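A.B. asks: Listed here are the chains, written in short residue letters.
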Amino acid sequence: MIENLRLSINGIRSHRMRAALTMLGIVIGIASIIVIVSIITGTSEQLKSSMINSGDDTINVMLYDKSNPWNTLDPIEIGLPTGIEPISEETVERIKNLDGVIGATAITKSDYAVGLSYNGKRDSATVLGVKKDYFALKNYVLSSGRYFIDRDYEDGHNVAVITSTLASSMFENESALGKTITLGTEMYTIVGVYSEVRDYDSINSLMDYQLKIGMDSQSYVIVPSTSWVNFGGYEAFQSVVVKIASPDDTVTVGQGVADILNENVTSNTYEYRSSSLQEDAESLESITQIISILLIGIASISLLVGGIGVMNIMLVSVTERTKEIGLKKALGAKRRVILGQFLTESIVLTSMGGVVGVLLGIGISYLVSLLLGMPAAISVPAVAIAVGFSMCVGIIFGITPSIKAANLNPIDALRYE
Amino acid sequence: MILSLKGIYKNYLTGSVEVPALKNINLEVEEGDYLAIMGPSGSGKSTLMNIIGCLDKPTSGEYLFDGINIGEQKDTSLSEIRNKGIGFVFQNFNLLPRESALENVELPLLYAKVKKKQRREIAMNALEKVGLGARMDFLPTQLSGGQKQRVAIARAIANRPKILLADEPTGALDSKSGDQVMELFSELNREGMTIVMITHEKAIADCAQKTVVIYDGELKTMEEFEQIQNARRHGFGGEHNA
Ligand SMILES: Nc1ncnc2c1ncn2[C@@H]1O[C@H](COP(=O)(O)OP(=O)(O)OP(=O)(O)O)[C@@H](O)[C@H]1O
Ligand SMILES: [Mg+2]
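These protein sequence lines are chains A and B, in that order. When we follow the numbering used here, the leftmost residue of the first sequence carries the number 1364, and every step to the right adds one. When we follow the numbering used here, the leftmost residue of the second sequence carries the number 39, and every step to the right adds one.
Read the hints as simulated data drawn from the structure, not as lab findings. Any given hint could turn out to be false.
[What the hints assert, rightly or not] Beta-carbon label-pair distances, calculated as ranges:
hint, chain 1, residue 1, chain 2, residue 2, range
1, A, Asn1675, B, Asn130, 27 to 33 Å
2, B, Met260, A, Ile1759, 56 to 62 Å
3, B, Glu66, A, Ile1759, 50 to 56 Å
4, A, Leu1368, B, Asn130, 27 to 33 Å
5, A, Arg1699, B, Tyr47, 28 to 34 Å
6, B, Glu264, A, Asn1675, 55 to 61 Å
7, A, Ile1365, B, Leu102, 35 to 41 Å
8, B, Asn64, A, Cys1755, 32 to 38 Å
The structure presented is a predicted model; accordingly, all values stated were derived computationally and were not measured. Ideal Cβ placement from N, Cα and C applies to all residues, glycine included.
Could you put the whole structure together from the sequences, leaning on the hints where they help?
C.D. replies: Encoded structure:
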């Protein structure tokens, strides 16, 4: 075995140029696989870690248009469609009792803050109508004022809590507290300003960008559910926010909640479905995974071509060394000794290509992450698989030439000129 | 008895025609013999050597090597017989060009699965025996023809074979190097090595104890061969004289 390795390395050394060119296909194939995997792993790892940091462990179960998976129902100005009833307190209680659910509350939501203005200056925001326990589920940070209290609900006061993003947009440097804004046809007094705790600055990917645009910069006006009807003209609630125990349960819990809510839906147009940051991220991740599988497929073709190159060179090498093989057989080398020698040579050749490819791939990954700002993480299993794979290429494409060598007839081989 | 060939025939198939290369060869070689096989080009010397060397099997006839019936052996046991029982010396040396003299000599020991340290020791002794103790690390390209042939002889005797089989061992050498090789053969034979050597030079054959001749695929004694040659010379000679 050691002798075979020594022979192989000697053989490769004596044909450096040829060996290097033969390895090239393997090197390129392995390097591209390493680069692809590194970048994918890097991106999704950073996404996951920032997800954990964001503390967003809630899912929204909302009404979606059946015919358009991206369209949520926004009943503002048209009211709830037929077949949809406001979510009852009992339904919320049932949801709270589901496995993996820490808490749940019904909300109502509109993406259009119709008539939102302050001193005649218009602005846009998403409006939420919530119960008091909503704030307990969300990891909001109150920057000034207060959240809602029981009296706000009992008296049906037109009060509002807004995001700091909206506060700075509407009032610039002035304090928002106590200011009265117009919403719909009603006046609402601001009692609190909050911000969402989300930090995506560390992500440098497409997904990060979308999440940032989608979440962080959004303006929210939150009003007590009791005064929602004053603005929306229809009765709350049509959505549920659920706090889950573990992000791993996102899909199952979301499905369970949606099932309960759909029991009361008799509409053919709308149905409840869950959405969450995790789920969005997961679907984005699965898209990137599909892309990466495609790219790896292409890289594998390069490996295949590399393998054929190895086979070709090995066949040439067997022919060139016919005399050597004949001599070795005459000196008593058995068939499997010759087979082992050539197979080792082929495996050494492709493994060297694999190792060089891995190193090159790691180098390119770092370069890409440096130049393009994409995160790269070297995946140890991917490196191991890549090297193992290149060895397999050596076996698969080396076996035919090796068998050819082992079966040479010693006299024909000795006579060969 | 080391070699025993009885009624050996060898036919080669060229196209669809069977061409006989050896016809009814009967030959016995005892331990310690030094036999030269002579014969004109194309008479079948190398064919016979391949059969004796277990590189090829006869078309018919029985060949016993050290009592083993070669015709019945499988590929792996033939490899073992070649490895441990036979030392080959070729006309064109057949050394591995990228391996040192020492590594070349170690080769048959490697196939005999001798441990590395012991292998090295045996190979060094063999090289010293052929007078190349000082050139162990030389590559074949750094050696003269005679030196190369002596490395090949060291390789042939490394595994202490039963028989040394040489095909035109001096064919590619100048007369001085050839003489050195012949001296080495004689010395090995004095020490008890059985040698079968193929040559077409009378002077080389004279180094052996006994000489046989292959003529047109048939084995003849030296006397029979001389008679044939005389008869031919007469036939042609008459025309010359006239
Ligand atoms: N593989 C083969 N296929 C067909 N014919 C062959 C083969 N090998 C040898 N022969 C024929 O057998 C005969 C004997 O060949 P061989 O090589 O044994 O001669 P030789 O006595 O060694 O000659 P030389 O002194 O030139 O080496 C020749 O006629 C040759 O053409
Ligand atoms: Mg010959």
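A.B. asks: Determine for every hint whether it applies to the structure shown.
C.D. replies: Against the structure, the hints come out as follows:
1. Asn1675(A) x Asn130(B): 27 to 33 Å: Given range 27 to 33 Å: holds, Cβ gap about 29 Å.
2. Met260(B) x Ile1759(A): 56 to 62 Å: Taking Cβ atoms as reference, Met260(B) and Ile1759(A) lie about 58 Å apart, which means the hint holds.
3. Glu66(B) x Ile1759(A): 50 to 56 Å: Since Glu66(B) and Ile1759(A) have Cβ atoms about 51 Å apart, the given range 50 to 56 Å holds.
4. Leu1368(A) x Asn130(B): 27 to 33 Å: This hint holds: roughly 29 Å between Cβ atoms.
5. Arg1699(A) x Tyr47(B): 28 to 34 Å: holds, 32 Å
6. Glu264(B) x Asn1675(A): 55 to 61 Å: Holds, since Glu264(B) and Asn1675(A) (Cβ atoms, about 56 Å apart) stay within the stated range.
7. Ile1365(A) x Leu102(B): 35 to 41 Å: holds, 38 Å
8. Asn64(B) x Cys1755(A): 32 to 38 Å: violated, 55 Å
Against the hints set out earlier in the document, a violation occurs for number 8 only.
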